[in-house]
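Respectively, the protein sequence lines represent chains L and X.
Quick note, the working numbering runs 36 ahead of the 1-based positions in the first sequence.
Quick note, the working numbering runs 9 ahead of the 1-based positions in the second sequence.
Don't take each hint at face value.
Straight-line alpha carbon distances no greater than 20 Å define the calculated DMTMM-like cross-link-like pairs of lysine to aspartate or glutamate that follow [claimed, not checked]:
#1 Lys239(L) <-> Asp65(X)
#2 Lys335(L) <-> Glu253(L)
#3 Lys335(L) <-> Asp279(L)
#4 Lys239(L) <-> Glu169(X)
#5 Lys239(L) <-> Asp157(X)
#6 Lys358(L) <-> Glu378(L)
#7 Lys47(X) <-> Glu261(L)
#8 Lys239(L) <-> Glu40(X)
#9 Lys50(X) <-> Glu234(L)
No lab work stands behind these hints: they were computed from the structure.
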Amino acid sequence: MKVLMKGNEAIAEAALRAGCECFFGYPITPQTELLQYMAKKLLKSGGVFIQAESEVGAINMAYGAASCGKRVMTSSSGPGISLKQEGISYLAGAELPCVIVNIMRGGPGLGNINAAQSDYLQATKGGGHGDYKVIVLAPSSVQEAVDLTIKAFDLADKYRNPVMILGDGMLGQMMEVVEFDENYKRPRTEKPWAVTGERNRPKRVTNSLYIVPEELEKHNFKLREKYKKIEENEVMVEEYMTDDAQVIFVSFGMCARIVKSAVNKLRQSGEKVGLIRPITLYPFPTKCIEKYANFDRIKFFIDVEMNLGQMLEDVKLSVAGKKDVHFYGRTGGMVPTIAEIENYYFSLKE
Amino acid sequence: MKLRKPECLTAESMHYCPGCGHGIIHRLIAEVIDEDYKDHKIVGVAPVGCAVFIYDYFNFDFVAAAHGRATAAATGVKRCIPDALVFSYQGDGDIAAIGTSEVVHAAARGENFTAIFVNNGVYAMTGGQMAPTTIPGQVTVSSPYGRDPKVQGYHIKLCEMLIPLDGVAFVARTSIHNLKNIELTKKAIKRAFEVQMNKEGFSIIEVLSNCPTNWGMTPAESMKRIENEVLKYYNLGIFKDKGRGI
Chain L
37 MKVLMKGNEA
47 IAEAALRAGC
57 ECFFGYPITP
67 QTELLQYMAK
77 KLLKSGGVFI
87 QAESEVGAIN
97 MAYGAASCGK
107 RVMTSSSGPG
117 ISLKQEGISY
127 LAGAELPCVI
137 VNIMRGGPGL
147 GNINAAQSDY
157 LQATKGGGHG
167 DYKVIVLAPS
177 SVQEAVDLTI
187 KAFDLADKYR
197 NPVMILGDGM
207 LGQMMEVVEF
217 DENYKRPRTE
227 KPWAVTGERN
237 RPKRVTNSLY
247 IVPEELEKHN
257 FKLREKYKKI
267 EENEVMVEEY
277 MTDDAQVIFV
287 SFGMCARIVK
297 SAVNKLRQSG
307 EKVGLIRPIT
317 LYPFPTKCIE
327 KYANFDRIKF
337 FIDVEMNLGQ
347 MLEDVKLSVA
357 GKKDVHFYGR
367 TGGMVPTIAE
377 IENYYFSLKE
Chain X
10 MKLRKPECLT
20 AESMHYCPGC
30 GHGIIHRLIA
40 EVIDEDYKDH
50 KIVGVAPVGC
60 AVFIYDYFNF
70 DFVAAAHGRA
80 TAAATGVKRC
90 IPDALVFSYQ
100 GDGDIAAIGT
110 SEVVHAAARG
120 ENFTAIFVNN
130 GVYAMTGGQM
140 APTTIPGQVT
150 VSSPYGRDPK
160 VQGYHIKLCE
170 MLIPLDGVAF
180 VARTSIHNLK
190 NIELTKKAIK
200 RAFEVQMNKE
210 GFSIIEVLSN
220 CPTNWGMTPA
230 ESMKRIENEV
240 LKYYNLGIFK
250 DKGRGI
């Protein structure tokens, strides 16, 4: 059945359908409807909902609940995610599954509450301390946000790793028609590590402390192996009109949707342009971009973001100097228009 | 009399400095668990600080939290396993400085777990810096001229701060500086666990303890210091026991 839903609420509903049993959050615009939806539904259904005293409190409650093997979610926006980074590092270090939603706003500092993609680097390059990675999924529609939220829980359990849904204020606040998969079946994941308090078996400890350097290095190498598996198996990318393209746009999330419209318009004018949209920001679709960088027909790439080029370095690393990579971005909560993208394209062509 | 190791303690030898109070407090917790919760579900929440390896010494499940976040992590645990006995074990820097927000709000929400708060007046693991609980005049490596309330402010009396909160069911301050008070500490732990299992709300025991290493004293001198100096600033007693009308 199709329903009209606001992005934030659709993500919350998807999480519940994925079996999310615990939610810990703190109000911050533009993600607050997610917290409100969870308050309404989880308190009635016997789940755990706590409006924490801070984002720090929320992520550490999530850490405790994730230790117990529950399906756990927390959500926030940029400034709040900054506060959660300590906990995210601990979740990654202790290998605990947790879904974290970041409905981004403009930054730095208090910034503003408008749609922006200001947290790409923070999400994909660590954010907290230590050698760790968070799987980052970037939906570009409310329907995709629903599908990726469900996938996020499965991935978190599969890899015992935090998974972040990275959307922006636009995605959180807009309403679109969505359909939920009525046949979703939660994969059976054994959690023999989960803290349950039972005494008739060897004790279980969730921990990220390895005081002996040799042991911590071993742990970091083990995590690295896990991240390699994630990089091999979980890359998601959309290639749009790239078959005969001579110029390729690279863009993610809601911004990519605007770029897609620009690609459609440019195609109407006979321009051979296409779009590569990373759906997973970590693992980044390096191989996909690299493949196009090797084609003679490709003249150059244009990276478009709602920031000042945070994904740009990943795109450039993937292109590996084989082609030029240009950048167009708006920041501070400004959203690029189709006309701006077209104009930028033509300015490069000249 | 032959002293036997409580069953819920592991064979691991403790890393604490000679004469440190953590060993005594660990044993008291273990005795209470052996006596009252032999096969019961238990989860401990470990702090950052000297007691960071506490999970090595008990043979039940533990969650090791970030610095100051043990009461938040314990909240998550207890809400997921409501029938388990859950306790956090935290030092004064952990619970009364970096974790103040988490403990105040866990207490206000009336979370049904027990915080065991070991107050030795210093950040011991990092080398004896001033803690929120350092008493006026006390010399530490980061208050080298003695804590001057005009400069560094006053010591925090966390128990007294928590008493007025409606979610708080049990508050006690005890000490381990002599046998009588060690016994009283055990009784307080017993009662706090009982209050938790009765689902009465948040329970906390502040245990005045010693740190011979960072106080620069022998273990015996450090016990005397609790009696002669620390007790002037921190009075002992059961301050709140909702179920018993205190």
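For each hint, the structure was consulted:
{"no.": "1", "hint": "Lys239(L) <-> Asp65(X)", "in the structure": "holds (10 Å)"}
{"no.": "2", "hint": "Lys335(L) <-> Glu253(L)", "in the structure": "violated (43 Å)"}
{"no.": "3", "hint": "Lys335(L) <-> Asp279(L)", "in the structure": "holds (14 Å)"}
{"no.": "4", "hint": "Lys239(L) <-> Glu169(X)", "in the structure": "violated (35 Å)"}
{"no.": "5", "hint": "Lys239(L) <-> Asp157(X)", "in the structure": "violated (46 Å)"}
{"no.": "6", "hint": "Lys358(L) <-> Glu378(L)", "in the structure": "violated (24 Å)"}
{"no.": "7", "hint": "Lys47(X) <-> Glu261(L)", "in the structure": "violated (40 Å)"}
{"no.": "8", "hint": "Lys239(L) <-> Glu40(X)", "in the structure": "holds (18 Å)"}
{"no.": "9", "hint": "Lys50(X) <-> Glu234(L)", "in the structure": "holds (5 Å)"}
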